[in-house]
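S.K.: If you want the building blocks of each chain, they are given just below.
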Amino acid sequence: MSISIPPSTENNIKKLQPTGWLRYFSFSLDHKVIGLQYLICGFIFYLIGGLLAGAIRIELTSPMSDFMARDVYNQVLTLHGTIMIFLWIVPVVNGAFGNYLIPFYVGARDMAFPRLNAVAFWLIPPAGLMLISSYFINGAAQSGWTAYPPLSITTPAAGQIVWIISVLLLGGSSIFGGINFIATILKLRRPGLKLMQLPMYCWAMLGTSILVVLSTPVLAGTLILLSFDIVAHTGFFNPSLGGNVIVYQHLFWFYSHPAVYIMVLPAFGLVSEILPVHCRKPLFGYSTMVYSIMAIVILGLVVWAHHMFTSGTPPWMRLFFTIATAFIAVPTGIKFFNWVATLWGGRISLNSAILFSCGFIVNFVLGGITGVALAQVPFDVHVHDTYFVVAHFHYIVYGGSVFVIFSSIYHWYPKFTGKMLNETIGRIHFAITFIGFNLCFAPQHWLGLNGMPRRVAEYDPQFTFVNQISSFGALLMALSTLPFLWNIFYSTFKGKESGDNPWKALTPEWLTSSPPPVENWIGEAPLVTEPYGYGKKQETKNSPDSILEN
Amino acid sequence: MASTNAPIYDELFNVLFVIGTILFIGMTALVIYSLIQFRRKPGEEGDGLPIEDNLPLEIFWTAVPAVVILFVGLYSYDIYDRMGGMQILSNDMHSHHSISSQEKVWGGIGSSKQESNTSRDFPINVELTAMQFAFLFNYPKGEIISGELHVPVGQPITMRMESKDVIHAFWVPEFRLKQDVIPGQPTILNFTPTRTGRYPIICAELCGPYHGGMRSTVVVEEPEEYDAWFKKNSKQTEVEL
Chain A
1 MSISIPPSTE NNIKKLQPTG WLRYFSFSLD HKVIGLQYLI CGFIFYLIGG LLAGAIRIEL
61 TSPMSDFMAR DVYNQVLTLH GTIMIFLWIV PVVNGAFGNY LIPFYVGARD MAFPRLNAVA
121 FWLIPPAGLM LISSYFINGA AQSGWTAYPP LSITTPAAGQ IVWIISVLLL GGSSIFGGIN
181 FIATILKLRR PGLKLMQLPM YCWAMLGTSI LVVLSTPVLA GTLILLSFDI VAHTGFFNPS
241 LGGNVIVYQH LFWFYSHPAV YIMVLPAFGL VSEILPVHCR KPLFGYSTMV YSIMAIVILG
301 LVVWAHHMFT SGTPPWMRLF FTIATAFIAV PTGIKFFNWV ATLWGGRISL NSAILFSCGF
361 IVNFVLGGIT GVALAQVPFD VHVHDTYFVV AHFHYIVYGG SVFVIFSSIY HWYPKFTGKM
421 LNETIGRIHF AITFIGFNLC FAPQHWLGLN GMPRRVAEYD PQFTFVNQIS SFGALLMALS
481 TLPFLWNIFY STFKGKESGD NPWKALTPEW LTSSPPPVEN WIGEAPLVTE PYGYGKKQET
541 KNSPDSILEN
Chain B
1001 MASTNAPIYD ELFNVLFVIG TILFIGMTAL VIYSLIQFRR KPGEEGDGLP IEDNLPLEIF
1061 WTAVPAVVIL FVGLYSYDIY DRMGGMQILS NDMHSHHSIS SQEKVWGGIG SSKQESNTSR
1121 DFPINVELTA MQFAFLFNYP KGEIISGELH VPVGQPITMR MESKDVIHAF WVPEFRLKQD
1181 VIPGQPTILN FTPTRTGRYP IICAELCGPY HGGMRSTVVV EEPEEYDAWF KKNSKQTEVE
1241 L
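Chains as they are written, first to last, in the working numbering: chain A, 1 to 550; chain B, 1001 to 1241.
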């Protein structure tokens, strides 16, 4: 049985592409190159977004607005949010790991549409550079990443328009990626491989891509209408021309709440790949995990108005969205119990990958609990738009998604490079990140409950000390990047050789050389029907190759 | 605890806090215990137990969160109702402030259910106008326009709010109340202050460069002090309170 994908014409094109380090700067069609392009590009934007976060935390060490001009502060917080969401987490958990892993997991030689894949990546750097350059030209957007009108209509137009164009390009990139993942997972599966035998990350990416394809166009349409209001003085969202600002909020959150799941569902998938390998146990409750993902996808589409409990929202709507939101905790809870059950009774290697994954579990549980609390209308009307919400969503997107990104880098680095990362430095990186993160964001719950609103450059002096603790945590988070970067660079050149499969993992990406050849396998792709078959058939077959023979 | 809302809110907060703490500590303890108990000891080879699923266990940990969520949901509905969240529309119908029946007004949460035991039968009407970067309070009865909100303790207040420019939010942390102030879409907030004092009013919705400085004060005072303030500032010489 032969794999006929991609067709032979693509093969010839690939042979013409550069093969050395230059390929990472080329319009490569190789999914592994594109995956790493996403990862490295995303990480550069993470460093920029982190510098902006640092500027915010420096401003907030004192209750006065004294570090930067007030409008600059609003530009900085807008850029920080936009960069971290659209240029770091979304492209990395979807684009980077999705591109690298999905073709392996379905037994294909590349994504379904390699050119569309490359286009999707190459939309990102220009969009990101444009967004950042708007700061130096005429001031960046300053209405927050939510860009609520009428504020976004009344602030300087140039920056807001550049922001809209950037987000439209990034949304386009995301839609291209989503279509590609759906097609690859459903149509390029190796003959003989059933859907319910796929590694969990495939299911997470399938669910995420459905959300991307359904909801991102709504954001695009909304932002186009908003740009008409700014440029052509139409009145869709401009109340002085008869427009309605609440309609914008509904349309915006129809995308932007699912966007949270676009950031965390792939992370759930990645954790489900990492835990079994290092615990040497099958992933607990495979089928309930699949159903939970799909339940989260469906529920995730009908919870958006919980961001609007203090806007004009009728009582029935508040109740409906409270119930829908709170019930997301059930499928999410199942996943967390299943991960703990995967740890239970394992032979856990306490390495950096597992530490970051367990850090994710602990952080995300806290973020999930505050999320259920925030879903309750009477609770939300007090803490909405305060630092409590800031703490909550950083526990979700940083404590959740970013911890998983680090865990994934520690796990797949040997696959990417054929070298091992230094474990000692990795554990130091984890310790500083975990302590810094919790020191930065845990006190912010208290700030919000006690009366500090979000997105302010100045605040009541009684909050000074707690803000300084938070800023100190942010400093630790910034410092934690240093051992990580050192580890990456040092190991790339002088790291220990890893061999093809240092973790003795059973998922298909490890059943080839590290780094893998173009087209992934010499010869036929292996049929892996039990990607989590740890502990089984130990008596007779010990090497992963045994799976190949089945 | 400066409004009728606040103790109800704090009751809800305490329940959520206890449930949340138990869940968080429980999960964290499970993770840490697993990492210590099931760590790979030196010299250990081989895999863990090939346990793939356990249906009763999975049903258990689907059912328990579902029951907890259901309890929290019903409880918070009760809290919402006690805060007057479900009452807004019916209140509007026989309220005595100047809203024409055609005008669409969206209500914020606010305590209005509690029977007023003061001499005044009807809530005091205040009109809030928000603009970059200030709150203005208009008392239609006395033609007073004030930068501070003065209210007598124990008296229900009905505040009609509208913004002149961008979206703002009226937030009094001590009252545990927040409602967006929206241009082109009036909103209503009902509340009853229960403790005298001066409490900050904070704008909670990003509204421009001076958003962080957009603050005011609500002065909750004894009815006599309030009447004195009202008489002193009223433009009408004879005002029926």
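Keep in mind that the hints were calculated from the coordinates and are not lab data. From the three backbone atoms N, C-alpha and C, an ideal C-beta is built for every residue, glycine too. Honestly, I wouldn't trust all of these hints.
Claimed, not checked - Below are the DMTMM-like pairs computed for lysine to aspartate or glutamate, each with C-alpha atoms no more than 20 Å apart in a straight line:
no.	chain 1	residue 1	chain 2	residue 2
1	B	K1231	B	E1127
2	A	K419	A	E530
3	A	K504	B	E1143
4	A	K504	B	E1221
5	A	K194	B	E1225
6	A	K536	A	E497
7	A	K194	A	E423
8	B	K1232	B	E1148
9	B	K1041	A	E530
10	B	K1235	B	E1127
11	A	K536	B	D1047
12	A	K536	B	E1221
13	B	K1141	B	E1224
14	A	K504	B	E1045
15	B	K1231	B	E1221
16	B	K1141	B	E1044
17	A	K536	B	E1225
18	B	K1235	B	E1148
19	A	K536	B	E1045
20	A	K504	B	E1127
21	B	K1164	A	E530
22	B	K1232	B	E1162
23	A	K536	B	E1044
24	B	K1141	B	D1165
25	B	K1164	B	E1174
26	B	K1164	B	E1148
Unchecked claim - Label-pair ranges, simulated between beta-carbon atoms:
no.	chain 1	residue 1	chain 2	residue 2	range
27	A	L47	B	L1074	22 to 30 Å
28	B	P1223	A	I165	38 to 46 Å
29	A	F27	B	R1039	42 to 50 Å
30	A	F489	B	G1043	48 to 56 Å
31	A	F489	B	R1039	23 to 31 Å
32	B	R1198	A	P156	35 to 43 Å
33	A	I165	B	D1227	56 to 64 Å
34	A	V302	B	A1029	51 to 59 Å
35	B	A1066	A	Q462	37 to 45 Å
36	B	G1026	A	V466	42 to 50 Å
37	B	I1059	A	M196	15 to 23 Å
38	B	A1228	A	D460	25 to 33 Å
39	B	K1235	A	D460	40 to 48 Å
40	A	L214	B	A1134	37 to 45 Å
S.K.: Does the hinted range 22 to 30 Å hold for A:L47 and B:L1074 at CB?
M.R.: violated, 47 Å
S.K.: A:K194 and B:E1225: Cα distance at most 20 Å?
M.R.: With Cα atoms ~77 Å apart, A:K194 and B:E1225 exceed 20 Å; violated.
S.K.: Does B:E1221 lie within 20 Å of A:K536 when you go C-alpha to C-alpha?
M.R.: Since the Cα atoms of A:K536 and B:E1221 sit roughly 74 Å apart, the hinted pair is violated (cutoff 20 Å).
S.K.: Does the hinted range 48 to 56 Å hold for A:F489 and B:G1043 at CB?
M.R.: Roughly 34 Å apart at Cβ, these two residues miss the hinted range, so it is violated.
S.K.: Return holds or violated for the Cβ distance of A:L214 and B:A1134 against the range 37 to 45 Å.
M.R.: At 42 Å between Cβs, range holds.
S.K.: Hint says 25 to 33 Å; check whether the CB-CB distance for B:A1228 and A:D460 agrees.
M.R.: The hinted range 25 to 33 Å holds for B:A1228 and A:D460, with Cβ atoms some 29 Å apart.
S.K.: Between B:K1235 and A:D460, is the Cβ distance one that fits in 40 to 48 Å?
M.R.: This hint is violated: roughly 34 Å between Cβ atoms.
S.K.: Range hint 51 to 59 Å: satisfied by the CB atoms of A:V302 and B:A1029?
M.R.: violated, 34 Å
S.K.: Taking 20 Å as the top limit, are the C-alpha atoms of B:K1235 and B:E1127 close enough?
M.R.: holds, 16 Å
S.K.: Do the Cβ positions of B:I1059 and A:M196 conform to the proposed distance bound of 15 to 23 Å?
M.R.: holds, 20 Å
S.K.: B:K1235 and B:E1148: Cα distance at most 20 Å?
M.R.: holds, 17 Å
S.K.: Between B:P1223 and A:I165, does the beta-carbon spacing fit 38 to 46 Å?
M.R.: Once the Cβ atoms are compared, 58 Å apart, the range 38 to 46 Å for A:I165 and B:P1223 is violated.
The structure does not agree with the numbered hints 2, 3, 4, 5, 6, 7, 9, 12, 16, 17, 20, 21, 22, 24, 25, 27, 28, 30, 34, 36, 39 stated previously, though it agrees with the rest.
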